[in-house]
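*Asks:* Under our numbering, the first residue of the sequence shown carries the number 23, and numbering increases by one thereafter.
Everything labelled a hint here was simulated from the structure, so no lab data went into it. Just so you know, these numbers come straight off a predicted model, no measurement behind them. Backbone N, C-alpha and C fix where the C-beta goes; we use that ideal spot for every residue, glycine too. Wrong hints could be hidden among the right ones.
[What the hints assert, rightly or not] Label-pair ranges, simulated between beta-carbon atoms: (1) Gly669 - Lys844: 56 to 62 Å; (2) Glu675 - Lys815: 37 to 43 Å; (3) Lys653 - Asp575: 35 to 41 Å; (4) Thr453 - His336: 57 to 63 Å; (5) Glu675 - Glu757: 40 to 46 Å.
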Amino acid sequence: MADNKFVYFFGNEETEGKNSMKDLLGGKGANLAEMANLGIPVPPGFTITTEVCLLYLEKGVYPEEVIDQINNAVIKLEKVTGKKFGDTENPLLISVRSGARVSMPGMMDTVLNLGLNDDTVIGLSKKTGNDRFAYDSYRRFLTMFGDVVLDIEHEKFESALSAKKKTLGVIQDTELDASALKELAEQFKEIIRKETGTDFPQEPRKQLQMAIDAVFNSWNNQRAITYRRLNNIPGKWGTAVNVQSMVYGNMGETSGTGVAFTRDPATGDKRFFGEYLMNAQGEDVVAGIRTPEPISTLKDNLPEAYARLEAIYHKLEDHFRDMQDIEFTIEEGKLFMLQTRTGKRTAAAALKIAVDMVNEGLIDKRTAVTRVSPEQIDRLLHPTLDSQAEFEVLATGLPASPGAAVGKVVFTAEHAEEMAKANEKVILVRTETSPEDIGGMDAAQGILTVRGGMTSHAAVVARGMGKPCVAGCGSVTIDMASCAFSVSDVTINEGDYVTIDGSTGSLILGEVELVTPGVSGELDTLLSWADEIREMGVRTNADTPHDAQVARDFGAEGIGLCRTEHMFFGEDRIPAVREMILAEDTEVRKAALDKLLPMQKEDFIGLFKVMDGLPVTIRLLDPPLHEFLPKHEELADKLRSLEAEKGSDSEIERIKKIMERVDSMVEVNPMLGHRGCRLGITYPEIYEMQVRAIIEAACELKAGGMDIVPEIMIPLVSHVNELRSTKEDLVEVAESVMAEKNCKFDYLVGTMIELPRAALTADKIAEEAEFFSFGTNDLTQTTFGFSRDDAGKFLPVYIENSILPSDPFAVLDQEGVGELVKIGIEKGRSTRPDIKIGICGEHGGEPSSVKFGYNIGLNYVSCSPFRVPIARLAAAQAVIEKQDN
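Could you build the full structure based on these sequences and the hints that come with them?
*Replies:* See the structure below:
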């Protein structure tokens, strides 16, 4: 390790780093070096690399070379500044700050004014001729060192400061004179002695080493760990430490400090935006101790410093070609830049800035597409909680469908529909939803469920509708008898208002103000640029003409999944569906299906019209038939009522027969039971009716001049013989209908790959399938052996304890499930090289899963309508990332 460089100097012509070294120097250190290279006034200093952080955290000690290089850097800093560290005549004071490779604002620790002790504070006072300034800096240093390095509760110092101000009858810190600040410094040292059992360390070199240790250790404090988890920042990156000579904004009314943005971070407007305080240090601005001034007034207070700041911010934005977040200090009229970094911004601002910068010639379209994250697009499309609103989260579930909603609590789909007809806004609260709740889900503003995961029925349907949903909120207990639910000792009755945030999984008592982001023409502009770049198609999962139209308006290029079971629950058709299920022979079953045929045909006509000329993939009936029948409990209640009221014997007998049929259809594990193609094989007349409806609808529209592209998908195939047998029957029906109608068009018959065996034998299945669509929801379920509706009970613990990196129903498991998808693609194309392959599970709208799909060769992804813009952007970014790597 003798040749390793661990410390990089910056701030003069000897600056050793640059902006491209963020992995090693962290974002702050790399940008400080870059500003120094640009000739911008930066207080000199040095950066200790992220490699040192990882070595220290692993071994608890530093290699000798690190200590030597730090000591040499201090000597160089003394030479450059003309001051000496620990000197009692002209002391060098330094700041010690963290600096990860990406911005983690406020998550790690900082120590300012390091190097002060009982002797150097006197030297600083004499050198500056400002006793008050010196002791103000000392009391600040003691507070930060005590809090950050010695782990003493910050409030203990704040309480002493507040008591001193109260005793003297002053309000602002700036009203404390030198004498009061000296007394505070003594009090603070006594707090340190009492809390640690030892005296405050007076030796500056020891202070420096302890502060460096503390900043490295702060990489693993709880708030930093949480921030990394929320923002997908790897723990193996570590942080750099930046040691920098102090400049002082607290030297009087010609000194100050501030934070600013080169554009408005809330709106993206091209205007200088920020705040500053005179006679203050940096933490005063962010801590809210004093009310800062808007940056525009600095022009009046210190016009020369403002003019210099204005020139620098333009230079920085032009150089980095992005909106910058800058930190500055003015010391007795002289401006110093302490930091520049890419500024955090709202989704609306990110979009506006990206488009504006292309129009200004600062960046190209390709760069603009990388400047907006898919998650920001998601936020733009849904209402959110007002950032200024105050509220308390009552309970937390899974963030199953984004956006926020406010409404009165209702517990049944029927009640939701009734309330909605009366123009009441409602939140549907259910233990779990089922397909028969579809009307109430449509009527509600949002959905809250006690059970279920990210791909539960509630989550999938809500995302398709663009409605907020919080799923798997296990701390909620519903009492249907009293029409109420409770969380701990709080009871919420039907009709009470609640707010849900489907982006965070929060349940909030009462009404919270919502903000609906404006979707501007800039979104269309950016997505049109994304479409020029992407190579993978984007379709939608849609079952109704309305959803299909929403998706097409969002840029969908067809339907990748139409779940036909959702069409069976309409009030006009559920009786016929139940008649078909309860039929005791084929003839009765066919008679019931004949009633459904014209309804199904109209369903498909509606979808085909919206998607004129685009492919429509229709999945034949998939769920177990018992889902369409009344629940046993409901029938039992009805039977008891009839018997109590002495109802007709025939009606009682009818209910008993239905109960027998319902009971006979109960399965131990219905998700792996009599469903999918197994239904089509045992009851072929069901699929035959559906295919007849598809082909008749297509013929009717084709006769009217429309271009129809139907793709018939057979679900839950595990063996090629299942597909071969079913396909033979369906092709015979399709050809027969076209002959009857004297109509001819191309159609495809394919399958959904959603079982591990299907992926592993995809070469054989491709002998019959003309397309594959990976159903990654069920493939995840069957690969992990997780029930997606029950996994919410343990998956949060798995994620919290890093057993799994994320919920595999929300983010595709690339190592396991993804590997099966890759095998399926490779094997399928070994048999049929031109086979069209997509995914239609919820992963089709999750950005990292979309990018994975592109890299393994999918032709398209399909997702819920409101995720289509997200998938379009992610697919374009996948191309850019692959090209850049």
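*Asks:* Of the numbered hints stated previously, which ones are contradicted by the structure, given in increasing order?
*Replies:* none
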